[in-house]
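K.L.:
Can you build the whole structure from these sequences, using the hints too?
Residue 86 in this note's numbering sits at position 86 of the first sequence, and the numbers go up by one each step.
Don't read these hints as lab results, they were simulated from the structure.
All residues carry an ideal CB built from backbone N, CA and C; glycine is no exception.
Worth double-checking, as some hints may not be accurate.
Computed Cβ-Cβ distance ranges for the label pairs, DEER-style [unchecked claim]: (1) GLY106 / MET245: 35 to 41 Å; (2) VAL61 / HIS197: 41 to 47 Å; (3) SER211 / ARG293: 34 to 40 Å; (4) ASP157 / THR207: 18 to 24 Å; (5) GLU243 / VAL279: 32 to 38 Å; (6) GLU243 / GLN131: 37 to 43 Å; (7) GLY106 / GLY78: 27 to 33 Å.
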Amino acid sequence: MRAPVCCPRFPPLRNAAAMPEGHTLRRLADEISGVFAGSPVRVSSPQGRFAAEAAQLDGVVLDGADAAGKHLFLEFSGERIVHIHLGLIGGFAVHPSVSEVPAPVGAVRLRLVGQGPTGDPAYADLRGATQCELVGPGARDAVVARLGPDPLRPDADPDRAWQRIARSHRPIGELLMDQAVMAGVGNVYRAEVLFRHRLHPLRPGRTLRRSQFSAIWADLVELMADGVRVGRIDTVRPEHTPEAMGRPPRVDDHGGEVYVYRRAGQPCLVCGSLVRTDVLAGRNSFWCPQCQRVFRSRALQ
DNA sequence: GCGCCATGTATAG
DNA sequence: TATACCTGGCGCA
1 MRAPVCCPRF PPLRNAAAMP EGHTLRRLAD EISGVFAGSP VRVSSPQGRF AAEAAQLDGV
61 VLDGADAAGK HLFLEFSGER IVHIHLGLIG GFAVHPSVSE VPAPVGAVRL RLVGQGPTGD
121 PAYADLRGAT QCELVGPGAR DAVVARLGPD PLRPDADPDR AWQRIARSHR PIGELLMDQA
181 VMAGVGNVYR AEVLFRHRLH PLRPGRTLRR SQFSAIWADL VELMADGVRV GRIDTVRPEH
241 TPEAMGRPPR VDDHGGEVYV YRRAGQPCLV CGSLVRTDVL AGRNSFWCPQ CQRVFRSRAL
301 Q
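P.N.:
And the structure:
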C-alpha cells in the first residue's frame with residue numbers, strides 16, 4: 001500500500017525520526033494532551049504487538065499524558081497507564097488535524113484516533129518503541145522513582161543529582177547520561193552542556209565545584225525548555241549562530257545548531273581547534289581539546 | 001539495493 | 001564490555 005497523500009490543514013508534526021532526548025518526550029506529552037485529552041479515544045495496535053492491551057483501552061477517555069526523563073505515560077481513565085519508551089529509534093507521530101485518518105503505514109505498535117481540537121479527526125502512530133506496556137499507577141511511580149531529577153520538571157530537586165555527582169569518581173560525561181543521576185539528558189545535551197561550561201567529559205564528578213554543577217543544571221533547564229518549544233536542540237549562543245559568524249547552517253537529521261556534537265574533525269566555533277571524539281560509556285562523546293582543557297595530561301586531549 | 005549509523009536501554013558474560 | 005532490539009536516513013555500489 002502506498003503512503004496516503006498528506007494534505008491536512010496543518011502539516012503533520014513528524015516526530016518519527018526524533019531520536020529523542022527528554023525535550024522530545026515532554027513535547028509529545030504536551031501535544032498528545034492537547035489533542036486527545038478529555039475525550040474517549042480509539043486505541044488500536046495495527047501491528048498487533050499491543051493488540052490485547054489496546055482492546056482494553058479502546059473507547060476509554062484519555063485523561064492526559066505526562067513525561068519523566070525519556071519516559072512517556074498515557075493516562076487513561078480507571079488508572080490505566082501506557083508506559084512508553086522510544087529507545088534510540090522509536091517515534092510517535094502526532095497528526096492533530098486531518099481530513100481523514102489514513103490506513104496505517106509500516107509497523108504501527110499503537111494508534112490513537114480521536115477528534116482533535118479543531119473538530120477534525122486526529123491520530124497518532126507509535127513505531128519502533130523499545131517499551132510499550134499497560135501498567136498501573138504503582139508501576140508508573142516505580143519507573144519515576146528510579147530516575148534522577150529531570151531539568152524539565154518544575155518539581156525536580158537538583159540537589160539529588162549533585163549528591164551523586166559530588167561523591168562519584170566516574171566521569172561527568174558518563175554521569176550526565178546516567179538516568180538515575182539526572183533524567184532526560186542524552187548524548188547531544190551531554191556534549192553541548194559540557195562544552196558550554198568548558199568541562200572535559202572525562203573529568204571525575206567529584207572534582208566539580210558546586211557552583212559548576214549549579215550552572216550546568218540552570219543551563220539544562222533553559223536549553224531543554226527551549227528544545228521543547230522549538231522541537232530541536234539548539235545550543236549555540238547568539239554570537240556563534242551561522243548568521244552571526246557568516247557560516248553555512250548545519251544540515252543533518254537533527255537540524256539544531258550545536259558546538260561539538262557530531263562535529264569531530266571540524267573547527268571549534270569558539271577557538272578553531274579541531275573537535276575531538278571518543279567513546280565514553282558506550283556512546284560517542286565530542287569535545288573541544290582547547291576550550292575543554294581540564295586535564296593537563298596530553299594523553300587525554 | 002545494501003550496510004551502516006543514530007539524540008537509548010536492558011541484559012549477558 | 002559486547003550485543004541485542006527496534007526504524008529511518010544516508011553514503012555507496
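K.L.:
Can you name, in rising order, the numbers of the hints this structure does not satisfy?
P.N.:
3
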